[in-house]
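Between the sequences and the hints, there should be enough to build the whole structure, so can you do that?
As given, the protein sequences belong to chains A and B, one line each in that order.
Following my numbering, the numbering of the first sequence begins with 583 at its first residue and continues without gaps.
Following my numbering, the numbering of the second sequence begins with 5 at its first residue and continues without gaps.
None of these hints come from the bench; they were simulated from the model.
All values reported here derive from a predicted model rather than from experimental measurement.
To give an idea of the chain B side of the interface with chain A (calculated C-beta under 10 Å), a few residues:
#1 Val8
#2 Gln10
#3 Phe39
#4 Tyr41
#5 Gln43
#6 Ser46
#7 Cys96
#8 Arg99
#9 Asn109
#10 Gly115
#11 Arg118
Every beta carbon over 12 Å from chain A, so not counted as near; a handful from chain B, in silico:
#12 Asp30
#13 Arg67
#14 Phe68
#15 Lys77
#16 Ala91
A partial selection of chain A residues facing chain B, derived with a Cβ cut-off under 7 Å:
#17 Gly624
#18 Leu625
#19 Phe627
Every residue, glycine too, gets a C-beta built ideally from N, C-alpha and C.
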Amino acid sequence: GAGVSQSPSNKVTEKGKDVELRCDPISGHTALYWYRQRLGQGLEFLIYFQGNSAPDKSGLPSDRFSAERTGESVSTLTIQRTQQEDSAVYLCASSLLWTRGDNEQFFGPGTRLTVL
Amino acid sequence: AQTVTQSQPEMSVQEAETVTLSCTYDTSESDYYLFWYKQPPSRQMILVIRQEAYKQQNATENRFSVNFQKAAKSFSLKISDSQLGDAAMYFCAYRSARSRGNAGNMLTFGGGTRLMVKP
Chain A
583 GAGVSQSPSN KVTEKGKDVE LRCDPISGHT ALYWYRQRLG QGLEFLIYFQ GNSAPDKSGL
643 PSDRFSAERT GESVSTLTIQ RTQQEDSAVY LCASSLLWTR GDNEQFFGPG TRLTVL
Chain B
5 AQTVTQSQPE MSVQEAETVT LSCTYDTSES DYYLFWYKQP PSRQMILVIR QEAYKQQNAT
65 ENRFSVNFQK AAKSFSLKIS DSQLGDAAMY FCAYRSARSR GNAGNMLTFG GGTRLMVKP
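So, in structure tokens, the structure goes:
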């Protein structure tokens, strides 16, 4: 009965480096979302995975951002050539198969990324 | 595209008193869900309450209730008998109920309201 977990909890990197953020969804949850939360702001949608279907990448802010998910398991969000504006908390959420939008999204604790 | 607006960056309430947090949204859809999430300093997003747009009755969860005004596109959260543990960021969120095929039904969030509870 573990919840959504994310690692690392905090990540400090230098401008220009690549980073990988990991999300472990709740077992059995086929849907997985990544959101970004800039300081003092609400969450912005980044990308959505549903089983083995092609992901919805409509929220990714640039081609430096990409994400993968194998089946219904772990997902990784990769940011290449990080910029200072990428500094934010990256939150992952998972849910059961979407039906009319009423399945609750369960959130992980997020990864705080700081780009120096 | 849908937008969600929270016009109160910060609110303060005395312990045991009642406070109302405001939220307005813009959509052309008729079938959707609205949510209030709580985010304490731990960063964990916690679902507080959910409202289905096709239901006229306002949702309630213990000390938390909403005032849903569909025509006005308003969705406020009332916290009664405020407790110190209620201090957190509160986010209003919208989610379409319409199938988007392969695309997900992501949540659209407002900017948040920081609630402070005074002992």
